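Novice: Fit chain to chain and form the complex, with the hints in mind.
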Amino acid sequence: MTLETLLGAIAVSLLIGGCALATVGLIGLIFKPDLFEQLHAAGLVTGPGIVLILLASIGTGKAEIITSAILVAAFVLVTGSISTHVIANAGTRRYAPVPADGADARQEVVEGSDATGMRVVIAYDGSAAARVATDLAAAIDWPAGTLIRLLWATDDETRAAAANPAATPEHDLHEIAARLRRPGVAVDAELVGDEPVDAIIDASATFDADLLMVGSRRRGVVQSALGLSAAGDIVDRAPCPVLVARSRTLRSVLLTTDGSGQSEAASELVARWAIFDLARVHVINIVAAPAATDHGRVVEATAARLMDAGRDVVTAVFQGHPASGIVEAARDRDIDLVVIGSRGRTGLGRTLLGSVAGEVLASADCSVLIARPLARRPATS
Amino acid sequence: MRTSAGSATWCADVLETVTVVAFGWSTLLLGLASLLLLRAPDTLHRLLALEVLATTLVMVLTTLSYVQGVSYYVDAALALALLSFTATIVSARYIIRRGRRP
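Chains as they are written, first to last, in the working numbering: chain A, 1 to 381; chain B, 1 to 102.
This is chain B alone, in the form it adopts within the complex (with noise of 0.2 Å):
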């Protein structure tokens, strides 16, 4: 049941088409998240700022390895997970020992 060539090549230019978008609405999400991790008030609201940053820089990676067609962007998202879930759960327990002084 293959359609037209045409109406293939329209449906291919919409998904790159808004890929790319979804690239550069990312790289404005990863603005967004810096712009929360500068007005983060305090140790635990950073802490989740850098969190939020990190996952909005997987996207970033995801999208563009999506655009480019190539896989080794997200395999540096993964890496990237993994090591901010990491820093997170230390930091936190860090935080916690540190005791109740801001």
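Same shape as in the complex, but just chain A (with noise of 0.2 Å):
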């Protein structure tokens, strides 16, 4: 038996090995729903089954085929455990493991998010509207285990602008911290960069918020209209409910339904999130034209979920312009919140307010809650 006839057996059973596991991988993906099991058998195929192959290159006995070869197999042995790790990592960020008995995912994440506090993010810049957000978040009753994490997120205008153009963030986030701490509540805080409405969307999104908190900075008709508002840009972008904090205190919550997916994500915040346990909740449709008995039944029902979850609930239907009647149901009944869902979608995932949501944001007196849906979608579909 010669060397090449050796290296040619070699090389035969390599291929049909790396053939072999990588069809046997490429099946249990095709087979398998959950991504985290899929990420084992892609496995298969990206190391075991191409690295044989590559290593099969012997069999040609030509040099620059091996260098080559070898070269792939070196590059891919190292980089494929990287690509799993990012893929995981942004996976357990989406996704809730199935557990075990295949009981309902979703179900147990978010009883899970309940029973631990939640996890916050409020956005500081120095500024008095900033203040707001600070004052805002210490009369609110925070359920036992919430995180808060205070940003300090700034530009150099905002800097200018505020009362103490010299005042370290320190001292300022000491202050605060100090104030919302409390048993069942831990505050950390973190200095963030420049740009920082991006800063602020990258950390909660790391932080894996459940809200985001931000003051408001009105600045003229035009400028909000370009778009150009900061708190709006957040709100755009934000990868979970944002609160527009323009009050201090949380009494009385206003909460409007049409029945759509959006308002009921909003309906199912209010309803869970333990920050409302001692709220008024005043439920309220407004409609365009003169009421037909489905709005009313729309309120009715989404009250009857809420009085179920154990909140006080006041129902009106009227009849008016959407958001400006939003506006002043609020300013009427002396409201501390506006909680709305957001609406609309592109097709790069950006969620733009809604016109009704966007002119509540823009023109209520009151603190304004952008409820997202906030299910985590288990993983098999």
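Worth double-checking, as some hints may not be accurate.
Said to hold, decoys possible - Straight-line alpha carbon distances no greater than 20 Å define the calculated SDA-like cross-link-like pairs of lysine to any residue that follow: (1) A:LYS32 - A:ALA74; (2) A:LYS62 - B:LEU32; (3) A:LYS32 - B:GLN68; (4) A:LYS62 - B:TYR73; (5) A:LYS32 - B:LEU37.
Source of the hints: derived by calculation from the structure; they are not laboratory data. Bear in mind that the values here come from a model prediction, so they are computed numbers and not experimental data.
Specialist: Put into structure tokens, the structure is as follows:
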């Protein structure tokens, strides 16, 4: 037996082995619906499968082929684990792991997060508006186990306009953290760099926030219309519900409902979050045309669900322009917080505010909470 | 210790046949991987499917290189592996930044 035939025999077995492993891996990928199990199967394809086939290059006997193949094999070995890690990392942020007993994964995650408190990010930039947000946070009765992260994120314009431009962030943050801390609530702080809006969005995503609180700097009408409001930009891009704070208490809440999916998300949020336990919830529906019976029914259904969750509910249906009607109702009833769903979705996945939510956000006197669907989808759709 | 010419040719034939079969089989796997891509229910599954597709393509290029006896297909496979790895990393990071929305 010559070296050639030996190498040839090795190459044949490596080729057969590599193809077999790749086939098994691909079949596994097709039949497993869960992302993490798929990662396991994909590891067969991108690991031993391809490396064995590349190692079979020794059967060709040509130096340049062998060299290139060894290079590719080395690269694939090194980067395969990195790729798997980043996909798994993204997967853990998106999906609850499928429980072994097949129970509904979504239910588990939701109940778990109730029991262990909320994860809140408060964006603070030293301005008076941000002060309002932190005052509101201090007044809210957070559930036990809540984690609050204060983000110091500012740009030059805000710093110049602040009451005391020379004030150091550390002093402010210490004082605010001291006010927010209480039994069951942990507070930490983070200084983020320039590009405050990007930094706040990134930090919320990394922290896996349930709620983002920001102050509202009212710029001129023109600037708001052109989308230059920082709060509006944050609301557009945030990965979680955003509370734009304009009031210092949370005693009364206005929830608008029109039966759409987004308002379902808003009412689910009000029903589930423990911070609304002591608030009075006004559930309203504003219709452009004379009130038909089904509008009243939607309100009643939402109110019934909220009362089941233990909320103190008042309902109303009336006629008027949706956005200004909401703002007026909030003013008349001395509302501290309007909860409204966002609407619309572009192909890039960014959620733009529907016109009603946008107008309410711009013109309401009180805080506005933009609700987004909260549930984490289970890995199996 | 040379064997007879006949058996050497037979071994070479087997190797050549297996290589050609491996090339054909890799192409079939490529079809399977595309099916996986089409069936992916959401973004992360598609990301994984694309990575597997690129890897299967590297397999196809490699076996083609063996069949033809030239090295440049493997060089192309190296470039493809590099780019697909970078694409996976960047896409996963983008998905994380976008947040929890599907």
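Novice: Run every hint past the structure and note whether it holds.
Specialist: Outcome of the hint check:
| no. | hint | result |
| --- | --- | --- |
| 1 | A:LYS32 - A:ALA74 | 29 Å, violated |
| 2 | A:LYS62 - B:LEU32 | 31 Å, violated |
| 3 | A:LYS32 - B:GLN68 | 36 Å, violated |
| 4 | A:LYS62 - B:TYR73 | 13 Å, holds |
| 5 | A:LYS32 - B:LEU37 | 13 Å, holds |
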